[in-house]
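> Each chain is listed here by its residues.
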Amino acid sequence: MLTSWAVDLANVKAIYPWQGAELIMVIAGVVAWILWHVIQLREEKEEFQKDVEEYGSKESIKKALDDHSL
Amino acid sequence: MGNNLDALTTVFTEFYYWVTVVFMFLIHVGFCMYEVGVSRRRNHLHTLMKNTMLIPLVTITFFFFGWWIYWAFPNGPFITGGLELEAAAANAPTSPNMGTDLSDRITGVFWAAFLLFSWTAASIVSGSVIERIRSGAFWIIAVMIGSVTWIIDAAWGWSANGWMVKLLGYHDAYASGVIHGIAGGTALGVLVVLGPRLGRFRADGTARDFVPHNPWLVTVGLFLIYTGFWGFYAACNVPIISPEGIGGLITGETWTATTIYLTPTTLGAITFNFLMSLSGGLLVAYLISNGNPFWTYSGGLAGIITASAGNDLYHPIQAMFIAGIGTFIAYKMHYWVERTFKIDDAVGAVAVHGYAGFAGLVIAGFMLWGYPSSPYEGYAAINPLGNTIGAIIMFFVLGFLPAWIVAKILNGMGLLRIPREVELMGLDFKSLADEEQARQDVRDAEKALV
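In order, the protein sequences belong to chains W and Z.
All letters in the first sequence, in the order written, are residues 1 to 70 by my numbering.
All letters in the second sequence, in the order written, are residues 1001 to 1450 by my numbering.
So here's chain W without its partners, still in its complex pose:
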């Protein structure tokens, strides 16, 4: 951990906090990334299912086609 700038910068390398915990941070990042996809895919699937159930009738679709221009 860096506690003072009274140093010769030629001797200074990494200065971010939690040095030595890079692998743990990478694992946490990868898990968060995969989790994001899982949650997103699930949410998207549920949203489409709900849309089809609520608005999927022929009348609703025709109304949507009339209401919303190309």
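Hints were generated in silico from the structure; no laboratory data involved.
It is possible that part of the hints are untrue.
[As the list claims (entries may be wrong)] Simulated pairs of lysine to any residue, SDA-like, Cα-Cα distance not exceeding 20 Å:
{"hint": "1", "chain 1": "W", "residue 1": "62", "chain 2": "Z", "residue 2": "1424"}
{"hint": "2", "chain 1": "W", "residue 1": "62", "chain 2": "Z", "residue 2": "1420"}
{"hint": "3", "chain 1": "Z", "residue 1": "1447", "chain 2": "W", "residue 2": "27"}
{"hint": "4", "chain 1": "W", "residue 1": "13", "chain 2": "Z", "residue 2": "1102"}
{"hint": "5", "chain 1": "W", "residue 1": "13", "chain 2": "Z", "residue 2": "1095"}
{"hint": "6", "chain 1": "W", "residue 1": "13", "chain 2": "Z", "residue 2": "1010"}
{"hint": "7", "chain 1": "W", "residue 1": "58", "chain 2": "Z", "residue 2": "1432"}
{"hint": "8", "chain 1": "W", "residue 1": "62", "chain 2": "Z", "residue 2": "1421"}
{"hint": "9", "chain 1": "W", "residue 1": "45", "chain 2": "Z", "residue 2": "1092"}
{"hint": "10", "chain 1": "W", "residue 1": "58", "chain 2": "Z", "residue 2": "1408"}
{"hint": "11", "chain 1": "W", "residue 1": "63", "chain 2": "Z", "residue 2": "1095"}
{"hint": "12", "chain 1": "Z", "residue 1": "1430", "chain 2": "W", "residue 2": "13"}
{"hint": "13", "chain 1": "Z", "residue 1": "1430", "chain 2": "W", "residue 2": "51"}
{"hint": "14", "chain 1": "W", "residue 1": "62", "chain 2": "Z", "residue 2": "1199"}
{"hint": "15", "chain 1": "W", "residue 1": "45", "chain 2": "W", "residue 2": "29"}
{"hint": "16", "chain 1": "W", "residue 1": "13", "chain 2": "Z", "residue 2": "1096"}
{"hint": "17", "chain 1": "W", "residue 1": "50", "chain 2": "Z", "residue 2": "1431"}
{"hint": "18", "chain 1": "Z", "residue 1": "1408", "chain 2": "W", "residue 2": "41"}
{"hint": "19", "chain 1": "W", "residue 1": "45", "chain 2": "Z", "residue 2": "1045"}
{"hint": "20", "chain 1": "W", "residue 1": "63", "chain 2": "Z", "residue 2": "1439"}
{"hint": "21", "chain 1": "W", "residue 1": "63", "chain 2": "Z", "residue 2": "1430"}
{"hint": "22", "chain 1": "W", "residue 1": "62", "chain 2": "Z", "residue 2": "1419"}
{"hint": "23", "chain 1": "Z", "residue 1": "1430", "chain 2": "W", "residue 2": "47"}
{"hint": "24", "chain 1": "W", "residue 1": "63", "chain 2": "Z", "residue 2": "1423"}
{"hint": "25", "chain 1": "W", "residue 1": "58", "chain 2": "Z", "residue 2": "1088"}
{"hint": "26", "chain 1": "Z", "residue 1": "1430", "chain 2": "W", "residue 2": "55"}
{"hint": "27", "chain 1": "W", "residue 1": "45", "chain 2": "Z", "residue 2": "1248"}
{"hint": "28", "chain 1": "W", "residue 1": "62", "chain 2": "Z", "residue 2": "1041"}
{"hint": "29", "chain 1": "W", "residue 1": "62", "chain 2": "Z", "residue 2": "1433"}
{"hint": "30", "chain 1": "W", "residue 1": "62", "chain 2": "Z", "residue 2": "1198"}
{"hint": "31", "chain 1": "W", "residue 1": "50", "chain 2": "Z", "residue 2": "1095"}
{"hint": "32", "chain 1": "W", "residue 1": "13", "chain 2": "Z", "residue 2": "1092"}
{"hint": "33", "chain 1": "W", "residue 1": "63", "chain 2": "Z", "residue 2": "1198"}
{"hint": "34", "chain 1": "W", "residue 1": "50", "chain 2": "W", "residue 2": "62"}
[To be verified] Pulled from the structure, derived: some chain W residues nowhere near chain Z, Cβ distances all over 12 Å:
{"hint": "35", "residue": "3"}
{"hint": "36", "residue": "4"}
{"hint": "37", "residue": "6"}
None of these values were measured; they are calculated from a predicted model.
Glycine included, every Cβ here is placed at the ideal spot set by N, Cα and C.
Using the hints, position chain Z against chain W.
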């Protein structure tokens, strides 16, 4: 930094690449505008978010593993050697210099320059699949091309020690194949599985014209892509390096700009050739499309993409004619493939990037036949067969094939295409209905105040 000259060179190079990154951001802005402009009004919000969200997903995965792949895979592995684990270790996400590190000031800027190429590759695919792909499926494909397949092709064919350069004499200075060929092939692989938009083809097989909802957005978007392309070209060069720094066959003391292969070129050369190839593409596209703005602008892009493989060495007039030829091929191929295979490529990305990029590689193989592909000893010279094999690797092996397999898997899981009803109503139908309701509420409230 050993001395003042080293320090100055490092700071200049650092700033040079940093500026290219900022310029290349405009490519993404342009693609978003272009894609949203082409989509129908009932789909434009989802279209925008689909392209926008590839930015964080490709960025974090490129940090986690994409950058490491570039340094680890130049030998294949197991074609000209094993994994380059030592070189890759310094570019792994666990490496201290992949953070704030006063002993390495430039890795982050290099990383970002390559990352912006990753966004571009994924963004090219995004436009062709609009209005019927699930965003979640697209984002998985975006990570695949942005952080895996394109960076493998870069390690193989866009690196000073890539096996394709060594064995095939592959030459692709400004990424006709390594970005555009692979992105076009990837788009085609997805499109084959995804299928056309509902109503795109009549019962007799002819295509209906889905008119862009905002042609101004489309054309301004393409202008911005041109602008960002300048940054892309600059980012493909090493701005200044000494023969000693290269450590190859070049003699004397003259410092130079080089390509990614460390072969000499100049900023003047790419400035001449960028503009002349843009012009060749625009001129031909205007004639063959009868002045259609969409195709004229896209033709400018196709022209640059075709000439890009050899724009480090071409004469500007050669760049102009090569661009015109590539644009002609891209335009004709687009409609032939559309008619024959019923492929609905909404923005012509397969043609403008894929066919033009493929053609550009083949042409460069002939035009630069016999030129050294590298400043180092023992590399194959540039040749037509090597560049044609390279084009096949880029478009089919690393582009089409992985995309087709992933799209098939996603389709089998019911995750590729949006439901038919939603496609007909439009992806934004709920947002649009809510917006209309909100407007009506305001109107009612105002009327009550009269």
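> Against this structure, judge whether each hint is valid.
Hint by hint, here is what the structure shows:
Pair hint residue 62(W) plus residue 1424(Z) holds up; C-alpha atoms about 9 Å apart against a cutoff of 20 Å. The hinted pair formed by residue 62(W) and residue 1420(Z) meets the criterion: a straight-line CA distance of about 13 Å does not exceed 20 Å. Restraint check for residue 1447(Z) and residue 27(W): not satisfied, since their Cα atoms lie roughly 58 Å apart, outside the 20 Å limit. With a C-alpha separation of about 5 Å, the suggested pairing of residue 13(W) with residue 1102(Z) holds against the 20 Å cut-off.
The suggested pairing of residue 13(W) with residue 1095(Z) holds, with an alpha-carbon distance near 12 Å, which does not exceed 20 Å. For the hint pairing residue 13(W) with residue 1010(Z), the CA-to-CA distance comes to about 17 Å; that is within 20 Å, so the pair holds. Distance check on the hinted pair: residue 58(W) and residue 1432(Z) sit about 19 Å apart at the alpha-carbon level, within 20 Å; holds. The suggested pairing of residue 62(W) with residue 1421(Z) holds, with an alpha-carbon distance near 10 Å, which does not exceed 20 Å.
A hinted pair counts as satisfied when its Cα atoms are at most 20 Å apart, and residue 45(W) with residue 1092(Z) does not qualify at roughly 35 Å. At roughly 30 Å between alpha-carbon atoms, residue 58(W) and residue 1408(Z) are farther apart than 20 Å, so this suggested pair is violated. A C-alpha spacing of about 57 Å is found between residue 63(W) and residue 1095(Z), which places the hinted pair above 20 Å, so the restraint is violated. For the given pair, residue 1430(Z) sits about 53 Å from residue 13(W) by alpha-carbon distance, which is inconsistent with the 20 Å threshold.
For the hint linking residue 1430(Z) to residue 51(W), the alpha-carbon distance of about 9 Å falls within 20 Å, and the restraint holds. Distance check on the hinted pair: residue 62(W) and residue 1199(Z) sit about 15 Å apart at the alpha-carbon level, within 20 Å; holds. Note on residue 45(W) and residue 29(W): the hinted pairing is violated, with a Cα-Cα distance of about 25 Å set against a maximum of 20 Å. Restraint check for residue 13(W) and residue 1096(Z): satisfied, since their Cα atoms lie roughly 8 Å apart, inside the 20 Å limit.
Distance restraint check for residue 50(W) and residue 1431(Z): the Cα-Cα separation of roughly 14 Å lies within the 20 Å cut-off, and the hinted pair is therefore satisfied. A hinted pair counts as satisfied when its Cα atoms are at most 20 Å apart, and residue 1408(Z) with residue 41(W) qualifies at roughly 17 Å. A C-alpha spacing of about 18 Å is found between residue 45(W) and residue 1045(Z), which places the hinted pair at or below 20 Å, so the restraint holds. This hinted pair checks out: residue 63(W) and residue 1439(Z) have alpha carbons roughly 18 Å apart, not beyond 20 Å.
Pair hint residue 63(W) plus residue 1430(Z) holds up; C-alpha atoms about 12 Å apart against a cutoff of 20 Å. A hinted pair counts as satisfied when its Cα atoms are at most 20 Å apart, and residue 62(W) with residue 1419(Z) qualifies at roughly 16 Å. Of the supplied pair hints, the one linking residue 1430(Z) and residue 47(W) holds, its CA atoms being roughly 11 Å apart against a limit of 20 Å. For the hint pairing residue 63(W) with residue 1423(Z), the CA-to-CA distance comes to about 14 Å; that is within 20 Å, so the pair holds.
Under the criterion of a C-alpha separation no larger than 20 Å, the hint pairing residue 58(W) with residue 1088(Z) is inconsistent with the structure, at around 57 Å. Taking the CA atoms of residue 1430(Z) and residue 55(W), the gap is about 9 Å. The hint holds against a cut of 20 Å. The suggested pairing of residue 45(W) with residue 1248(Z) is violated, with an alpha-carbon distance near 56 Å, which exceeds 20 Å. Between residue 62(W) and residue 1041(Z), the direct Cα distance comes to roughly 16 Å. Compliance with the 20 Å bound is thereby established for this hinted pair.
Only pairs whose Cα atoms come within 20 Å are accepted, and residue 62(W) paired with residue 1433(Z) is accepted, the gap being roughly 14 Å. Between residue 62(W) and residue 1198(Z) the alpha-carbon distance is near 15 Å, which keeps this suggested pair within the 20 Å criterion. Under the criterion of a C-alpha separation no larger than 20 Å, the hint pairing residue 50(W) with residue 1095(Z) is inconsistent with the structure, at around 46 Å. A hinted pair counts as satisfied when its Cα atoms are at most 20 Å apart, and residue 13(W) with residue 1092(Z) qualifies at roughly 17 Å.
Taking the CA atoms of residue 63(W) and residue 1198(Z), the gap is about 17 Å. The hint holds against a cut of 20 Å. Restraint check: the Cα-Cα separation between residue 50(W) and residue 62(W) comes to about 18 Å, which is no more than 20 Å; the hinted pair holds. Listed as a non-interface residue, residue 3(W) keeps its Cβ farther than 12 Å from every Cβ of chain Z; the least gap is roughly 15 Å. For residue 4(W), the condition that its CB be more than 12 Å from all CB atoms of chain Z holds, with the nearest at approximately 14 Å.
The non-interface label for residue 6(W) is consistent with chain Z: the shortest C-beta to C-beta separation is roughly 15 Å, beyond 12 Å.
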